[in-house]
Amino acid sequence: MIADLPLWLSILVSAFVVLGALLTMAGCFGLVRLKSFYLRIHGPTMGTSMGGGLILLASAIYFTVTRERLVVHELVIFLFVTLTTPVTLMLLARATLFRDRVEGNEGVPKRPEKAETPASP
Amino acid sequence: MRRLLPHPILAGFLLILWLVLQQSAGLGHILFGGVIAIAVSMAASAIIPERVVIRRPLKFIQLILVAGLDIIRSNLAVMSVLFHPRPNPTAGFIEMDLTLKNPFALAILAVILTATPGSAWLEYDRARSTVLIHVFDLVDEDEWVATVKKRYEALLLEIFQ
Amino acid sequence: MTGMNHIAILPILIPMAAAVFNLIGGDGRSNRRIIGINIGFSVLLLLVSILLVAVLAQSDTAAAAVYPLGNWPVPFGIVLVADRLAAVMVLTTSILSLAALIFASARWHSRGTNFFPLFHALVMGLNGAFLTGDLFNLFVFFELLLAASYGLALHGGGRNRVRAAMHYIVINLVASFLFLIGVALIYGTTGTLNMADIARAVPHIAADNVGLFEAGVAVLGIAFLIKAGSWPLHFWLPNTYSSAAPPVAALFAIMTKVGFYAILRLWTLVFANQTGPELAFGQNVLFVLGIATVAYGSVGALSSKALDRLASYLILVSAGTLLLAVAYNVPGVTTGALYYVVVATLAAGALFLLKDVIDQVLPAEAQILAVSLEFYGDEEDVIDEDQEVSRSFPAAATLLGWCFAIAALVMAGLPPLSGFLSKFAMLSAAFNAPSAPTAATWWITGALIISGLFVLIAMVRNGINIFWTSLPDDGGLALRPLEVGPIMVLLALCVLMAVFAGPALSYFADTAQFIHSPQNYIDLVLPKGETP
Amino acid sequence: MSVTILEWSLFAAQIMLGLGMLATLYRMVVGPRAQDRILALDALYVVALLLLITLGIRTNSQVYFELAMLMGLLGFVGTVALAKFLMRGEVIE
Amino acid sequence: MELTLAIAIGVLSASGVYLLLRPRTFQVIIGLSLVSYAVNLFILSMGRLRMDAAPILSGADADITNYADPVPQALVLTAIVIGFAMTALFLVVLLAARGLSGSDHVDGKGD
Amino acid sequence: MAAPGEKIRGAAWVTAVVAAILSLLSLALFPSIANGEVLISRIEWVPQLGLNLTLRLDGLAWLFAVLITCIGFLVVLYARYYMSPKDPIARFHALLLAFMGAMLGLVMSGNIIQLAIFWELTSLVSFLLIGYWYHRGDARDGARMALIITGTGGLALFVSMLVIGHIVGSYELDDVLASGSKIVESPLYPVALILFLLGAFTKSAQFPFQFWLPNAMTAPTPVSAYLHSATMVKAGVFILTRFWPVMHDHQLWFWIVTYTGLATLIFGAYTALFQRDLKGLLAYSTISHLGLITTLLGMGTPLAAVAAIFHIANHATFKASLFMAVGIIDHETGTRDVRKLSGLRKYLPFTATLAIIASAAMAGVPLLNGFLSKEMFFTETAEFDPNVFVNLSLPIGATLAGMLSVAYSIKFVHGVFFGPPPTELEKVPHEPPALMRRPIEILVLICLAVGIIPGITIAPYLAAAVHSVLGADTPYYSLSVWHGFNLPLIMSIIAMVGGAVIYVPYYRKLRDIDGVPLTRGLMGQRVFERILVTATNRWARHLVGAFGTQRLQPQIFVVIFLALAAGIAAGWARMGNLPLPQSFDPVLGLVWLLGGISALAAAQQAKFHRLASMILMGGAGLATCLTFAWFSAPDLALTQLLAEIATTVLILLGLRWLPKRSPVPESTPMAARLRRYRDVALAGLVGLGTALASYAIMTRSAPEGISDFFLANAYKEGGGTNVVNVMLVDFRGFDTMGEITVLGVVALTVFGLLRRFRPASDSAERPEQQRVLDDYAPGSSENVADDFLRIPALIMNWLFPVVVVVAIYMLMRGHDLPGGGFIAGIIMSLAFILQYLAGGTRWVEERLRILPLLWIGWGLLLALLTGIGAMVLGAPFLTSAFAYADIPLIGKVPMATALIFDLGVFALVVGATVLMLIALAHQSIRRPKVAGSNKPKQRAGTDKWN
Ligand code: NA
Ligand code: NA
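Residue numbers (my numbering), protein chains in the order written: chain A, 1 to 121; chain B, 1 to 161; chain C, 1 to 532; chain D, 1 to 93; chain E, 1 to 111; chain F, 1 to 946.
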């Protein structure tokens, strides 16, 4: 069962959790509401950055208090998420960029010319 | 020493990781974790041949703090856009020249920019040393580039080159 | 624990050790030494199995060796129960596997990757399935034997083989799901996994849960029926068996018997506690399926042109026969069925091997084989230099003809060989059971006799095609002793089983008596007073 | 009192995370392109991770920590493979 | 909670079974995965549902009524492993069949 | 190497000596038999089933034994000259001896099951003898037909013996014969009788099963003489006689046996008249005579039985001699066609004389043995019967048959030996060597002796046989040649005259006629062949097709349908009440809203949007994983998550080799849509079923089971606090051992299969994305993909050591906290996979050598050794030991053998997972080689990581 904390701590933990969840949810709603893929990739990073960070922080505080020792392994999770999310996003973005260019879609930057090939006249 | 500890930073990091995971800094854990950290970092040197050297550790901490602050700021900024009844950010692509060449430093920059809501690292062109970035709410392109260069690239250059 | 007590686990450990040896000790290429060691493992297994049967034959109570793995008390730990039934199945497996292994070592092992470890794993799975006294452990060994059989079914590659194996795999994966659901429901309603403990718990199941328990048993039954090759759950079988490499198909001859074994074991254990309409219903269903399987197998045998396909349908006929025997639920019939399972397995195995030998001496066929190997084969199909060379034998055709004839007689159940004796034993018991003859007696009689006739017709047609029209006349067919030898040994065993039918049947009669009084089994496995 | 606050706030947070998951589901189902779906799956992993953390607080248990950690560390392997398939037509070259 | 899980099991097994009955090998492999989720949850449900009762003992004198039934969990664990192996195997077999017949139909037929 | 002639002589001598010894032995036994003794010798075989090898020699058996051995001896002598040196003589003689043994076994069986066994043996040997010249199609067909007909009968007889044994309570013949009226009074009598007669009638070629016998004439003539006239075909009438005392006393017997016999008698005689082939004529004559015997046995009077026994012996002598005569004709002229033969009397005077006498016996001419038994037959048919039909049909039928037999006998004699010299023969016939005629001479002599002085020659033997059958009921009978001028004699005279009257006017027509008038349409043979060819081929294939399928989908449908039906049938009635839900967690509800929709959408998208389907499947998997966590199963959640990830990568690796997805069709055909509805219905029902079952279980209290034991003992006895892990590595470690073996086996299979993998032609090219990308950066010397992946790959490389450390961490803690070998193993392999994803196959394998097969081997070995270690210490396999070691500086460290076991699990999982994933990945780099040439590939490419 959930443990009894000092009131201010429980308010703090609650606030972190709720705010983190709100940010995360907002990011996910971004996935629904935003119109293009390049916009949508910004949504999930709210959950992986501050949203997640707040919830993990809340957890760290909560367990540090209830276990009466420093519980910091939430940091590890935060680090892992921070390191891994960009990998997927970069690959996805590259794939999309590539495909948009091949399909000749509008609103996508031209492919960078190779240094060896002379610039178009 | 070099053969035993090809990646001292990595080994140290792994030891810390071990201790955090064990939630204990007892002597047994330190000894055992140390052995594991050294062994694993040796094994990893097959995959990661380049040795990473952090020249300015303090600057590294500064970088983390700066990035953290920026992340909080942009989180709030993006959220305000998203909770708008009709979210209509002025997004755009930016092609940015980079002075930074060290791949490890570039990776850190990529992680920071991508982890920050509102900016995403798309495509790095090694031949021309440019990167294509997508920005969620782009007001002034030049100012944005200047900010990145100042806040991150400069620091990274100091740390790694 | 004395060394003798470990005999129950050795049939599982020896093949496992053999598989491990091939992974660590083998250098990827099979040479004579590796082949020799592999056969050595198999011989060791055979010796242990013979010892196991002998030990059980000595004990006058048909008592089983109960082996608590990890030394945990029954029913909490997994327990091996080596009773006579299990021992006989293990011995049959050992004989068949040794024969198939020797046969394969002449050529087949070099036709694909990792033949030996997969082969031993299959044997390990089979023996485990026969020996375990734990329902979930049975699932694990089922999966093991299936996994190995998937690999072996694919051994050698080729389009037909792959397609047949794919069907085989999908159906058996579905069967595995059914197995799991069945086990889960049984655990959910009885709270235990040990087979003896389940049997003990059946009368104590909460009234509300009885239906769920029976649903679990029924679903489990379907899973077993798939493995047992019952109509209409067996359509994968003829394709799989007939497209498998011959030594593999030979070993597969015992795989459907695992389904039979499981059905028999659980049938006698779980249903013995019931007398009501459930038993009659289950009996009827099994009986109808048995009749249908026999009928389908017989008709399929008639429709088969090639010998391997015919042999696959013969597997179905024997599967159906065994289902009928289980459904008849009389110790005497079970006695005959146990005798039958041994000889039918050995003969079917011999038939699959024989088919391969015949293919090699049939000139036209042999060419087709070579072409297909060239097309599908890999560099591994290039025959090793150190493999067994064929030699020319006088009267080779006669020898093969005799082998074929014996196998045909056993499979068709014609006198005077063991196939006939087993059918006689079953039918005699069926007629002399209390209140017999009933309608079921006539059905089982008709099924056994008419299927025998159909098999006879099919075998005669095949035999005539092979020996009287296709095979060149005597005077030096090239045969490999390593290939013909195992076939002859298997068939000689079928003959010996006929000669010594008396002692064999009394062993089986004791076995049947034991499994038909489940309280014996329960008392043996569960120590008195320690039931939870 | 503080328990009640925590309980309700955690409940609220979990509901929000659950709704966030449904939002990712929308993208996974609707697409329109594969990369949208993959992006949504990647986001879903993060939300699930956070849900586990809140579950840990709610049950006062650290049992779920490793699960969350592995979601963070390895959850992306699947999405990277998907993304790479999209980009290169095969996962491992 | 029981109802939620029961419905979940039902939906998973229904979608999985539907896919198992489809003609394309890829559909079958997805179906196998979905059915195995369903079966694994089904096994778990046989131990009855307990929240916050992971069978991790707090020590030698732990009260055993505080923990969920570990037996179904052990079974599911084995089942997951075997399921993973079988999925891999089926995948490779379907690839081999596809390579030999040119088709991804379960019967190797042309499209 | 012996010359062919020597071989013949050698083999023939052996057989002849054996036959001679046997003949003498049987003859020598006569004194005892004549005393009414029954000689019995018994070897126990399967005593518990009442099946023993009992040899029982009484009068009847003795009579048959003498026929078998003596005629056998004569046939061997005859065959010595008949067979060609080119024939495989050893086989012939071996089979002949085998037949003799089987036949002796049959007649001397003192056990009725044994009788059935020898019965089938005679059929089997007969099959081989008929097919002796198997290069001839007609020989093969004839052999097969004979075997199938008589084999079927034999099986029927076997069942009949089972029934009789059941009625009597014993399979011993003595018991059966002593059972009095038990059998006829049993309600099972009709079944037993019909099966019994099926056996007897098929063997003795009774109508309508007669047709196999003429076709069996493709056998060498000695075989025809021996098996198909003298002995084997008599087996049917033998058992009719043998069981006559205990079975004849029933209306059913009378009607079936008598009239089958009569029909056969007339049909055989009638058909014989129209045969062109001499052996065919003799074959139908044999059928007819067997019908005569059967009729006699059917009539049920003791006198008729006497006549039957007598005729058995008589027929054997004259018919065997006739066959041998035909053999000589065939041998000397090269034909048996009655149209080509004529006037042979001049060329073969001795043979002609012998054949004429034997034919006369066959026709029932006085002073020959055939006359005597035929007179007895006529006498019996002429007995008054209150039933008018019987009273008329028997004598008229008998006389008619007599006429016909006279006619065909005349045809035989006249057609072959008289008339103008033959014109169509290829060679001039000569008398054969005298020794070849000798057997015929002996037999004809017997015909004469018995016919003229029966009282001296045959009477004592017949008496012994008759007595053994009829015992106390033996009637008075007279064997005198002259019984006075009575009705039977009138019948004989009518038959003689009538036969001549039939033959004389029509002899040319009878010679040239093709086929049998009137009964041409009534060809049992044609029916049989139709059935054999059509039914066993086409019909069988249709049946197999109709009640089976080669397609996978219907198979799966049936399996699932049956499982559902079985579950419902077994469980529905006693399902019990379902309580309403007690609690509802909205968060879990949301999770399953996600999971459920994901699953449904995955199912819907799987055909046309594979990637989408996989992604959605990931959603369902994640929901499953969360549920495991929710309901207190952290180990399951971990395993589920990792297996899910590995599966995703795996399927993606495979996806590259599947065909391009086809576009969504605009419309679906009606049949397909209906099929889909049907599948949806089944799937829905399965879902409903599993949901109900699980709901029912979850809402009811758990039975008292084994689980408490594990909770109570995991720590105390197993040394770990993670009960699930202790179960896996200790309580149920054996399961785990099996499970890792499965994993290893599957990995080996995958590896083996992929070594010979051939991509389909449309997948062999590089993927479109890569080709476009190469165009996109022309002239770049570096790996384009490497450049594109550079930064993500760097991060992935750096994650390698991190993941490895996490894997070790999860491995070490598993015994006490969620984790363990399997989980750690997959984590470890994902660490490797990540590197392959980042750098590609070549890149990784230039840096790391993983050797997965060795990991698998060592993993299994570790697990095995852990178990065996306990055995060495005297405990059962896998018994664990644990202790807390106090290590300086480090403190208390748990040391459990179960951890070593878990280490084995770990190694195996790493090896297996990596092997499977990498084997798949390797196909991409093998591709160019495969496409490039048909030459065998190098091993090196695959061995490097092997
Ligand atoms: Na991530
Ligand atoms: Na970002």
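Please keep in mind that the hints were generated in silico from the structure rather than gathered at the bench. Among the hints, erroneous ones may be present.
Quick partial rundown of chain A residues pointing at chain D, CB under 7 Å, derived from the structure [claimed, not checked]:
no. : residue
1   : L31
2   : F37
3   : P44
Residues on chain D that point at chain A, a partial pick, calculated with CB under 7 Å [to be verified]:
no. : residue
4   : L6
5   : E7
6   : S9
7   : M16
8   : Y26
9   : P32
10  : D36
11  : V46
12  : T79
Taking lysine to any residue pairs in the SDA-like style, the calculated list, with each CA pair at most 20 Å apart, reads [said to hold, decoys possible]:
no. : chain 1 : residue 1 : chain 2 : residue 2
13  : F       : K660      : E       : D107
14  : A       : K35       : B       : R128
15  : A       : K110      : B       : I48
16  : C       : K305      : F       : A546
17  : F       : K182      : C       : S435
18  : A       : K35       : B       : G92
19  : F       : K340      : F       : K427
20  : A       : K35       : B       : A77
Just so you know, even glycine gets a beta-carbon here, dropped at the ideal spot from N, CA and C.
### Message
For the restraint on L6(D), tell me whether the closest CB of chain A is nearer than 7 Å.
### Response
holds (5 Å)
### Message
Checking hints one by one. Is T79(D) an interface residue toward chain A, by the C-beta closer than 7 Å rule?
### Response
holds (5 Å)
### Task
May I ask you to test the interface hint for V46(D) with respect to chain A, counting a Cβ-Cβ separation under 7 Å as satisfied?
holds (5 Å)
### Message
Hint check: K340(F) vs K427(F), CA-CA at most 20 Å. Holds or violated?
### Response
Cα-Cα ~12 Å, so holds.
### Message
Checking hints one by one. Is E7(D) an interface residue toward chain A, by the C-beta closer than 7 Å rule?
### Response
OK, holds: E7(D) within 7 Å of chain A, min 6 Å.
#### Entry: Interface hint status, F37(A) versus chain D (Cβ within 7 Å)
holds (6 Å)
### Task
Could you grab the alpha-carbon distance between K35(A) and G92(B) and see if it respects the 20 Å cut-off?
holds (13 Å)
### Query
When you check the alpha-carbon spacing of K35(A) and R128(B), does it fall within 20 Å?
violated (31 Å)
### Status of the hint placing L31(A) at chain D (closest C-beta pair under 7 Å)
holds (5 Å)
### Task
With a cut-off of 20 Å on the C-alpha distance, tell me whether K305(C) and A546(F) pass.
holds (18 Å)
### Message
Against the 20 Å threshold, does the CA-CA distance of K182(F) and S435(C) hold or violate the hint?
### Response
holds (18 Å)
#### Entry: Hint status (Cβ of P32(D) to nearest Cβ of chain A, threshold 7 Å)
violated (9 Å)
The earlier numbered hints that this structure contradicts are 9, 14 and 15.
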